[in-house]
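All chains, please: the whole structure from these sequences, using the hints.
Below are the chains, spelled out letter by letter.
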Amino acid sequence: DTGVSQNPRHKITKRGQNVTFRCDPISEHNRLYWYRQTLGQGPEFLTYFQNEAQLEKSRLLSDRFSAERPKGSFSTLEIQRTEQGDSAMYLCASSRLGDSSYEQYFGPGTRLTVT
Amino acid sequence: KQEVTQIPAALSVPEGENLVLNCSFTDSAIYNLQWFRQDPGKGLTSLLLIQSSQREQTSGRLNASLDKSSGRSTLYIAASQPGDSATYLCAAGGATNKLIFGTGTLLAVQP
Numbered sequence: 001d002t003g004v005s006q007n008p009r010h011k012i013t014k015r016g017q018n019v020t021f022r023c024d025p026i027s028e029h030n031r032l033y034w035y036r037q038t039l040g041q042g043p044e045f046l047t048y049f050q051n052e053a054q055l056e057k058s059r060l061l062s063d064r065f066s067a068e069r070p071k072g073s074f075s076t077l078e079i080q081r082t083e084q085g086d087s088a089m090y091l092c093a094s095s096r097l098g099d100s101s102y103e104q105y106f107g108p109g110t111r112l113t114v115t
Numbered sequence: 001k002q003e004v005t006q007i008p009a010a011l012s013v014p015e016g017e018n019l020v021l022n023c024s025f026t027d028s029a030i031y032n033l034q035w036f037r038q039d040p041g042k043g044l045t046s047l048l049l050i051q052s053s054q055r056e057q058t059s060g061r062l063n064a065s066l067d068k069s070s071g072r073s074t075l076y077i078a079a080s081q082p083g084d085s086a087t088y089l090c091a092a093g094g095a096t097n098k099l100i101f102g103t104g105t106l107l108a109v110q111p
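From first to last, the protein sequence lines stand for chains A and B. Note that my numbering gives residue 39 to position 39 of the first sequence, counting from 1, and the numbers run on in steps of one. Note that my numbering gives residue 63 to position 63 of the second sequence, counting from 1, and the numbers run on in steps of one.
Hints in this document: simulated from the structure, not taken from any laboratory. Some hints could be false.
[Said to hold, decoys possible] Not the full set, but computed from the structure, chain B residues with beta-carbon under 10 Å of chain A:
#	residue
1	I7
2	F36
3	L44
4	G102
5	T103
[Stated by the list, open to error] Pairwise CB distance ranges, derived in the manner of DEER restraints:
#	chain 1	residue 1	chain 2	residue 2	range
6	A	T115	B	Q81	34 to 40 Å
7	B	E56	A	R64	14 to 20 Å
8	A	R81	B	E56	44 to 50 Å
All residues carry an ideal CB built from backbone N, CA and C; glycine is no exception.
In structure tokens, the structure reads:
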């Protein structure tokens with residue numbers, strides 16, 4: 001499978017715990033995006049990377065959230081001191097710089113439930 | 001600030017009907033407009049992408065149009081089938097290519 005993969009697919013955690021999600025983009029895609037989707041809403045942009053550089057962060061990304069893409073390949077999204085409001089689907093997408101269509105390809109998402 | 005709106009929020013049709021889903025956006029300076037399908041609890045499946053220089057794209061029974069000047073896009077589904085039941089999302093891509101999504105249209109096709 002050469003699509004975008006995300007792990008884990010589901011995560012249940014207690015309030016106050018830290019969680020980390022991983023995204024593996026399509027090979028050779030140098031742009032990687034994180035979005036968050038709550039029930040009944042469309043996805044909202046969180047942050048994006050071009051290679052290993054984090055180029056934009058949404059105001060939704062509080063200081064409890066941190067994202068990395070250390071070698072320009074996979075990315076991790078960490079949430080510290082989780083709150084119930086963090087419960088959502090976290091989606092990752094990738095695209096290829098130089099592709100004139102700028103099409104983004106999405107992974108299956110990680111569903112986070114904070115109890 | 002880009003805002004994307006989708007109408008209707010929900011739609012129920014009998015099998016075989018042709019239908020149109022609407023998407024509007026406030027900032028016409030977009031790079032592309034993507035339509036996605038989302039099944040319950042799942043990720044997004046890309047259906048069609050229209051680049052800013054294009055007017056429409058077609059794939060099978062799906063046709064998407066784009067009118068930048070009026071800030072509108074439509075997704076036309078011909079001969080709907082129960083398997084088309086899902087949430088349909090449109091998203092506008094801007095200069096940094098981050099996507100701004102609408103809240104979606106929940107489609108139910110009755111057999």
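Here's how the hints hold up against the structure:
1. I7: 14 Å, violated
2. F36: Hint holds; F36 (chain B) Cβ to chain A Cβ min 8 Å, cut 10 Å.
3. L44: 4 Å, holds
4. G102: Result: holds, 5 Å to nearest chain A Cβ.
5. T103: 5 Å, holds
6. A:T115 to B:Q81: 34 to 40 Å: Holds: the Cβ-Cβ distance is about 39 Å, inside 34 to 40 Å.
7. B:E56 to A:R64: 14 to 20 Å: The hint (14 to 20 Å, Cβ to Cβ) is violated, given that E56 (chain B) and R64 (chain A) are roughly 43 Å apart.
8. A:R81 to B:E56: 44 to 50 Å: 48 Å, holds
Of the hints listed earlier, those the structure fails to meet are numbers 1, 7, in rising order.
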